[in-house]
Amino acid sequence: MDRINRRRFLRALSAGGAVYALGRTPGTVWAQSTGVSGFADYKALVCVFLAGGNDAWSVVVPSSDAEYAAYAQSRQNLAIAKDSLLAINPTNADGVLYGMHPLMGGLKDLFESGRCAVIANVGPLIEPVTKQQYQAGTVRVPPQLFSHNDQQNQWYTLRGRLQLRTGWAGRVADALAASLGDQQLATGVSLAGNSPWLAGEIATPYIMGESGVNEFTGFGSAGPDLQRRLAFERLISSDYDDVYSRAFADIQRRAVLYAKLVNDSLAAAPAISTPFPAGSLGTQLKTVARMIAVRDRLDMSRQIFFVAAGGFDTHDDQLIDQPGLLSNLSSALAAFHAATVELGVSQSVTTFTQSDFGRTLTSNGDGSDHGWGGLQLVVGDAVLGRTFYGQYPVLQIGSTLDIGGGRMIPKISTHQYAATLARWIGVGDAEMGEIAPNLQNFAPRYLDFLPAA
Amino acid sequence: MTMMLKRRRLALALVSGLLLATSAAHIAKAAPPSRAEAFRFLNQATFGPTSAEIDRLMALGDSSQAYAQWVDEQMLIAPSLELPAVQAKYATVKNVTVLQTTRQDRWFRNAMVAPDQLRQRVAFALSEIMVVSERSVLAKMPFAAADYYDLLARSAFGDFRQLLGDVTLHPAMGVYLNMLGNRRPDPVRNIRPDENYARELMQLFSIGLVQLNPDGTVRTDAAGEALPTYDQPVVEGFAHVFTGWSYSGASTFAMAKRTSTTQIQPMKAYPEQHATGTKQLLTYPGVQLPVIPAGQTASQDLDAALDNIFNHPNVGPFIGRQLIQRLVTSNPSPAYVARVTAVFNNDGQGKRGNLGAVVKAILLDPEARPTGAAISDVTGKTKEPLLRLIQFWRAYEAAARNGMYHLADSDRIFGEGPLLSPTVFNFFRPSYASPGEIEGRNLVAPELQIANEHLNTSVTNYFYTQIFLRNSTKTGLGTTIILIDISDEVAAAGNAGALVALIADKLLGGAISPTLADEARDAALRVAATKPAVRATEALYMIATSPEFAVQR
Chain V
1 MDRINRRRFL RALSAGGAVY ALGRTPGTVW AQSTGVSGFA DYKALVCVFL
51 AGGNDAWSVV VPSSDAEYAA YAQSRQNLAI AKDSLLAINP TNADGVLYGM
101 HPLMGGLKDL FESGRCAVIA NVGPLIEPVT KQQYQAGTVR VPPQLFSHND
151 QQNQWYTLRG RLQLRTGWAG RVADALAASL GDQQLATGVS LAGNSPWLAG
201 EIATPYIMGE SGVNEFTGFG SAGPDLQRRL AFERLISSDY DDVYSRAFAD
251 IQRRAVLYAK LVNDSLAAAP AISTPFPAGS LGTQLKTVAR MIAVRDRLDM
301 SRQIFFVAAG GFDTHDDQLI DQPGLLSNLS SALAAFHAAT VELGVSQSVT
351 TFTQSDFGRT LTSNGDGSDH GWGGLQLVVG DAVLGRTFYG QYPVLQIGST
401 LDIGGGRMIP KISTHQYAAT LARWIGVGDA EMGEIAPNLQ NFAPRYLDFL
451 PAA
Chain A
454 MTMMLKRRRL ALALVSGLLL ATSAAHIAKA APPSRAEAFR FLNQATFGPT
504 SAEIDRLMAL GDSSQAYAQW VDEQMLIAPS LELPAVQAKY ATVKNVTVLQ
554 TTRQDRWFRN AMVAPDQLRQ RVAFALSEIM VVSERSVLAK MPFAAADYYD
604 LLARSAFGDF RQLLGDVTLH PAMGVYLNML GNRRPDPVRN IRPDENYARE
654 LMQLFSIGLV QLNPDGTVRT DAAGEALPTY DQPVVEGFAH VFTGWSYSGA
704 STFAMAKRTS TTQIQPMKAY PEQHATGTKQ LLTYPGVQLP VIPAGQTASQ
754 DLDAALDNIF NHPNVGPFIG RQLIQRLVTS NPSPAYVARV TAVFNNDGQG
804 KRGNLGAVVK AILLDPEARP TGAAISDVTG KTKEPLLRLI QFWRAYEAAA
854 RNGMYHLADS DRIFGEGPLL SPTVFNFFRP SYASPGEIEG RNLVAPELQI
904 ANEHLNTSVT NYFYTQIFLR NSTKTGLGTT IILIDISDEV AAAGNAGALV
954 ALIADKLLGG AISPTLADEA RDAALRVAAT KPAVRATEAL YMIATSPEFA
1004 VQR
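Chains as they are written, first to last, in the numbering used here: chain V, 1 to 453; chain A, 454 to 1006.
Pulled out of the complex, with its shape left as it was, chain V reads as follows (with noise of 0.2 Å):
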């Protein structure tokens, strides 16, 4: 989008404040478009960020002897006890037997009925690398490897080494804006906060609480408390002469605009009778589940959800804290799969997770430090899962893959997987490129863990 249509547009969302109070409905401003919807479906993506870096050499772990010799050498005092793992069968066996960590049954239960694929060593890339291309720094790789803000960026954007601030998931919503018209809500819902991730060039995601929606106190539909709420309207949709008061204005303006539509439509959402898990990322998939029990009160055909837990940047005391934030993990997408399927869209959701980075594979004393590649999870019904894809890594410090201190060398870049997931969602593969800038330098373009739209 080039200067002026992007300015166009923001005046047209600026026109969305003004709209809202002649009582007309919102939701017009978030696609410049026919207004006429192109799916007959639904589809919903839910990204599970794990912020920190999740360690996913404890997820999954080789068991069969050779192998957990080898982790176990790697891992010393981290490695998990070969007899608590909990086998699992992949369809795609490589002769080797794997186990998921002791606490993720839920995980394991899915992984083993066909819903629930792992892929396996994925991370940020600009074009496949091998380590002596790396140690000689003759392919390009991504900047400032190993940081948390900017792997995160790398996996938000797929940008690489391209001056790219727009977050694929906001690419996507940007791809689909034509078809979706009729939507009454942004495409892009955050229930974690800002996230670049759902920011497009056009499309602005919409941010909302773990558990819901404030409304704002004193406005009303009559007497003061309308007459409250119109001046403040007025104000937010005033022209102001910095830029900090327009985006601040934009940001109120958005509040007010959404605040009781979706409210009043989470009101009207049925009781979810599947339990959640007690926290925070429990409590936002919940949440999300309830949003997409009101998908037809808000017109929505397409909808990409960023929910997050933290913690995963177990430098210190894994031992102590990664049986919690696994457990957390397995138990919350199992919970939010048996919601989907209680709402019928179990075929129609897909879940899956993005981190900042894998980590080593070495301990430091108590704990592992920020790598590079690592295993993903992705879980729905349309998952084509009890599946590996890629190459689940043999984990031997020294080997072809590890940079040093058993910092694993992706093989499956994250253009790829996003690629495979904005595929399921509808976009096109003409128009890919926008998605996932790098994807011509990776064989194959989609890894099929979900089937093309």
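Just so you know, not all the hints are guaranteed correct.
[Claimed, not checked] Examples of chain V residues toward chain A, derived with CB under 8 Å:
| # | residue |
| --- | --- |
| 1 | T204 |
| 2 | N214 |
| 3 | Q227 |
| 4 | R234 |
| 5 | A255 |
| 6 | Y392 |
[Unchecked claim] Derived coverage of chain A by chain V (criterion: at least 3 residues anywhere in the stretch with Cβ under 8 Å from a Cβ of chain V; other residues may be distant):
| # | stretch |
| --- | --- |
| 7 | 597 to 610 |
| 8 | 651 to 665 |
| 9 | 742 to 754 |
| 10 | 894 to 901 |
| 11 | 911 to 921 |
| 12 | 946 to 955 |
If you're looking for bench data, these hints aren't it; they were derived computationally from the structure.
C-beta: ideal position from N, C-alpha, C; glycine also.
Take the given structure of chain V and dock chain A to it, following the hints.
Just chain A now, with coordinates in the frame of chain V:
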């Protein structure tokens, strides 16, 4: 006394030198700061202008020295601390959650009423750069958290090299970023030193990831790509430096433990767990010691490593730019950053890293004190939600009858709280650009990272509750409830125009747009004159929740 006078004279000499160097021409005829100018300055240098402080600043005379004199006076005020409050509470209550709340309450109290306002404001800025957070195991260490904040307050105008050392050895940081208890390598078991502190110290607290010019712009290679400041071997080198340290007071590393005393004492080196090999440090033009030789003690290694970081050319622009962003503007010009870098590099007395001189340079810079056409549409910044609240409270002399400022877990409402960041990356990044115009024009607006539909609603609603339900006309509320004093407004409410002018003076330094003034006046006029308190609160709500009050210009 003599010491104080000497220091003051020295500081004054310094400032006048600085000002002469920058804008000598118009200084001679400078008038006293106007009320609006005094308001702007105090918005940057304190937790919010009060009428009394505005009057005092204006009375200091000629603006060529009034601001400097105000800064000098502030720098001489002893730090207001948090630890004594926590320790006093500990005499009767041992519960760590209560002690944590005590610390947070004290932070609000200091922000509200402490006389060392500039110091407190800079300490808060530093706490958002050298982040530790009670949203971690530090929640169990209220003394450490309080003492860490006090360290930042004491060091606000001190020596940056000293601060680096004190932060590094503070148990709060030691626990938060895992240097405390970090052991030498054990190659047989593939165990390497923990890299967390090594990485974040460089990335966040001192030099950043990419090489900077003195004006803060990024240095690039021939292909236009940013030049990194370090690579993985350097991280590993520093990780080895930071081995062997734990709580003080024990005879061995293994026996070191946390107590109410050791959590506020600098960490101690235990030689048996210090890595003794050579260590790769940063390499840059003029570097003194890029590799630490084998066989040094932990303390020798630490000094060499921190000297190596401190003398990196990035520190001035990296820290200077962030302090400018926290105090004055989100998007300083490169020239502004360069002027502050020059002061960081040399305070005029040949000293590097004088934070007092840096703070003064930031506040006295022409770009911080613009007039007329120098005020552009990127001048200023969005206020952090807590600064918006406290500025409002100070303008309205907010107080609870029990004398406390209790707002525990403020991060749940405001998206931020004192030492409550979700991660070491602070509540917001210096480089955050909100989607839309800010991003499109390649600008940044860090504070907007915690402005969104959800948080803006909860903050707006907090103001609603504060203004309508918790003001001086309300009776029968508990002694812990913080009330704003709106008696002036109630008295003025008979004249809506005068009412609006009064509020605008307190909250905006008089700089209110005609649109906002009209809306606030109309809001007041919708209420009968017989209900002056309702009139006052309706007008106050309009202004306090407006985009104009959300921004510091």
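Inset, instruction - Return the numbers of the hints above that this structure violates; sort them in rising order. - result: 6, 7, 9, 12
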